[in-house]
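Take these sequences, add in the hints, and give me the full structure.
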Amino acid sequence: MIADIISAALIAIGAILVLLSAIGLLKLPDIYMRMSATTKSATLGVGSILLGTAIVFWDIGIMSRGLIIISFLFLTAPVAAHMIGRAAYINKVPLWENSIVDELNKNVEDNEHVKQ
Amino acid sequence: MKTLLANIVLGFTWMLLNSDLSYQNFLEGFFVGYLILWVAKGTFSSNRYFTKIPKLIGFVFFFLYELILANFKVAYDIITPTNLMRPGVVAIPLDAKTDLEITLLANLITLTPGTLSMDVSPDKKVIYVHSMYIENVEEFRKEIKTGLERKLLEVMR
Amino acid sequence: MITDMVITYFAMPVLAISFALIFIRIARGPGLEDRVVGLDVLTSVGIAFFAVYSVFTKNSTFLDVGIILGLVSFLGTVAFSYYLERRGR
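Chains as they are written, first to last, in numbering that gives the first Met the number 0: chain A, 0 to 115; chain B, 0 to 156; chain C, 0 to 88.
Simulated from the structure, these hints should not be mistaken for lab results.
Beta carbons are placed, not taken as given, at the ideal position from N, Cα and C, and that holds for glycine.
Any given hint could be a false lead.
As the list claims (entries may be wrong) - To give a feel for the contact side, a few chain B residues facing chain A, derived at Cβ under 10 angstroms:
#1 I35
#2 I67
#3 A69
#4 V73
#5 T111
#6 T114
#7 H129
As the list claims (entries may be wrong) - Computed beta-carbon distance windows for the label pairs:
#8 D98(B) with S63(A): 29 to 39 angstroms
#9 I52(B) with I61(A): 20 to 30 angstroms
#10 P12(C) with K123(B): 40 to 50 angstroms
#11 S63(A) with L74(C): 15 to 25 angstroms
#12 F22(C) with K72(B): 22 to 32 angstroms
#13 K51(B) with I59(A): 50 to 60 angstroms
#14 S70(A) with K51(B): 18 to 28 angstroms
Below is the structure:
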């Protein structure tokens, strides 16, 4: 009974987080903000849903499977985001016009490879 | 490292003595073995193992707290229509020296929503972080250095 | 019991709406980078949907599909960003 309520709450919270990240993906103004805000909330939301699923089944094999997916997502999501961000900067995708500083561009003589 | 192996062997011994080869029983045995090794601290097991594990657990909880807090901040920003964000790219000088430390730091920075590590300078001295909330550049730099980086280095060294 | 109700009436519709919103971003995205980000998030939501569906049908085999989807989507994203980086040079 208590496990039922906990898993229902985890799945609901995860679904809300995923929805928020989808709205953010549509609404935020430039690619760097979209990525830094959304991929991580989506990862946390998916992790929460998987935790809820593992609690529903309550079986050691299935729980370890869920934990493997969670740890794999948390390991790979930042690497993927970092690579897309770097590729976007190298491809000269502009920052939002209201951005206040860009120290990567200022030190461009040290960073020949990302000259903008 | 040797202490960790001894701990695992103690866990298996506990499992065999109980004649119950399950996952929970191994965790129980691991915990009991940890306590035994803690009692025998200094003679057989290294001291480093016992200062490091509590710090590691503390760091995991600190990081989860940061992650959830930052997620709520971003969620609030996404719902409200006003665009009060002040994004920018900040250069942060690194104290982390080895490749492993830099990789872990970059991944942890990226996992907290709102910040994104974009590039490391070729001489591995500076990391460039994109953030959505920069009130003050110096303030933000200090926050990352004293918060995430110092705690990570405490665990790693 | 409660979990089944939450999944049928809340989690599945919400995840479907997120799918639709992400598809709008993929269709509209000004550059190739935005589309790659959209694809990355889309596969994450796909894993969540498989997990929810495995509870819905009481069949844990769908979680294996989630593992494979996670592996493949990571490789796909890395390959795409590598290509983008090469193109920019």
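Exercise for review: Tell me if T111(B) is really an interface residue toward chain A, meaning its C-beta lies closer than 10 angstroms to one of theirs.
Suggested key: Cβ of T111(B) sits 7 angstroms from chain A, so the hint holds.
Practice item. Please test the hint of 22 to 32 angstroms on the beta carbon pair from F22(C) and K72(B). Key: 27 angstroms, holds
**Study point:** 18 to 28 angstroms as the expected CB spacing between K51(B) and S70(A), which holds or is violated
**Key:** For K51(B) against S70(A), whose Cβ atoms are near 20 angstroms apart, the range 18 to 28 angstroms holds.
Practice item. Given the hint of 15 to 25 angstroms, check if S63(A) and L74(C) actually sit that far apart at their C-beta atoms. Key: With Cβ atoms ~23 angstroms apart, the hint holds.
Point to revise | Given hint A69(B) near chain A, where the shortest CB pair must fall under 10 angstroms | key: 8 angstroms, holds
Review point. Hey, does the I35(B) contact hint survive, CB to chain A under 10 angstroms?
Key: This interface hint is violated because 26 angstroms lies over the 10 angstroms limit.
Point to revise | Beta-carbon spacing of K51(B) to I59(A) - inside the hinted bounds 50 to 60 angstroms or not | key: Taking Cβ atoms as reference, K51(B) and I59(A) lie about 28 angstroms apart, which means the hint is violated.
Review point. Is the hinted range of 20 to 30 angstroms satisfied by the C-beta distance from I52(B) to I61(A)?
Key: Taking Cβ atoms as reference, I52(B) and I61(A) lie about 28 angstroms apart, which means the hint holds.
Check your understanding: Any CB of chain A closer than 10 angstroms to the CB of V73(B)?
Key -> Since chain A brings a Cβ to about 5 angstroms from V73(B), closer than 10 angstroms, the hint holds.
Exercise for review: With a cut-off of 10 angstroms on the beta carbons, see whether T114(B) makes it to chain A.
Suggested key: Cβ of T114(B) sits 6 angstroms from chain A, so the hint holds.
Review point. Per the CB criterion, is I67(B) less than 10 angstroms away from chain A?
Key: Holds - the Cβ of I67(B) comes within 10 angstroms of chain A, reaching about 8 angstroms at its closest.
Review point. Can the suggested window of 40 to 50 angstroms be confirmed for the beta-carbon pair P12(C) and K123(B)?
Key: Given range 40 to 50 angstroms: holds, Cβ gap about 48 angstroms.
When each numbered hint is compared with the structure, violations occur for hints 1 and 13.
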